[in-house]
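Construct the entire structure; sequences and hints are all you get.
Mapped onto UniProt numbering, the consecutive letters of the sequence shown carry residue numbers 1 to 141.
Treat the hints with care, as some may be off.
As the list claims (entries may be wrong) - When the alpha-carbon atoms are kept at most 35 Å apart in a straight line, the in silico DSBU-like pairs for lysine-lysine are as follows: (1) LYS95 to LYS120; (2) LYS120 to LYS103; (3) LYS120 to LYS106; (4) LYS106 to LYS95.
As the list claims (entries may be wrong) - What follows is a list of derived Cβ distance ranges for each label pair: (5) GLY75 to THR35: 27 to 35 Å; (6) GLY75 to LEU37: 31 to 39 Å; (7) ASP28 to THR62: 21 to 29 Å; (8) GLY39 to GLN78: 29 to 37 Å; (9) SER89 to LEU34: 20 to 28 Å; (10) CYS134 to GLU85: 13 to 21 Å; (11) LEU37 to HIS124: 32 to 40 Å.
These aren't lab readings, by the way, just hints derived from the structure by calculation. Heads up, the beta-carbon is just placed ideally off N, CA and C, and yes, glycines get one too.
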Amino acid sequence: LKSNLHYLVFSIAYFFLFSIFLLVDSLDQPFRSLTALDGGTVTLVCSVVQFHPNDLFWFKHTSGEAPRYITSYMGYSQQETFYGEFEDSRFHIEKTNSTFNLKIEKLQPLDMATYYCGEKRFGHVFLGPGTVLCLTGKHLS
1 LKSNLHYLVF
11 SIAYFFLFSI
21 FLLVDSLDQP
31 FRSLTALDGG
41 TVTLVCSVVQ
51 FHPNDLFWFK
61 HTSGEAPRYI
71 TSYMGYSQQE
81 TFYGEFEDSR
91 FHIEKTNSTF
101 NLKIEKLQPL
111 DMATYYCGEK
121 RFGHVFLGPG
131 TVLCLTGKHL
141 S
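Below, the structure is given as structure tokens:
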């Protein structure tokens, strides 16, 4: 009975500690909005608290449309993949020990959207707060 009680207490403590760990924000997008020049280059910043071998990704969300998957980085295989329209050479990932940034070159009006970085950890998906990208320039009205 005493060992069962110890096991029960340990299990409850483990559950609460694990739950708290999952709730800790592991990534952030410090810039909630950015304005860049049409035709220019922008780097969307995603700060990663601890760069685990977890899966990281970027989504693009344009108002009135479903979010689109831009890229993923599979931590264990260290494989980076771009999807669909984002496979062109305008999109790049810049990784360090504490960042997973998305660089977009030759900006176009269709790039104006909200961008979300995310992480898949322990079977759960965590998203950053998002960065709204706006463009300015002579070609925009």
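Going down the list of hints, with the structure as the test:
1. LYS95 to LYS120: 17 Å, holds
2. LYS120 to LYS103: 21 Å, holds
3. LYS120 to LYS106: 30 Å, holds
4. LYS106 to LYS95: Answer holds: LYS106 to LYS95 is near 20 Å, not above 35 Å.
5. GLY75 to THR35: 27 to 35 Å: 32 Å, holds
6. GLY75 to LEU37: 31 to 39 Å: 34 Å, holds
7. ASP28 to THR62: 21 to 29 Å: This hint holds: roughly 23 Å between Cβ atoms.
8. GLY39 to GLN78: 29 to 37 Å: Since the Cβ atoms of GLY39 and GLN78 sit about 32 Å apart, the hinted range of 29 to 37 Å holds.
9. SER89 to LEU34: 20 to 28 Å: For LEU34 against SER89, whose Cβ atoms are near 21 Å apart, the range 20 to 28 Å holds.
10. CYS134 to GLU85: 13 to 21 Å: The hint (13 to 21 Å, Cβ to Cβ) holds, given that CYS134 and GLU85 are roughly 20 Å apart.
11. LEU37 to HIS124: 32 to 40 Å: Distance hint for LEU37, HIS124 holds at roughly 37 Å.
Of the numbered hints given earlier, the model fails none.
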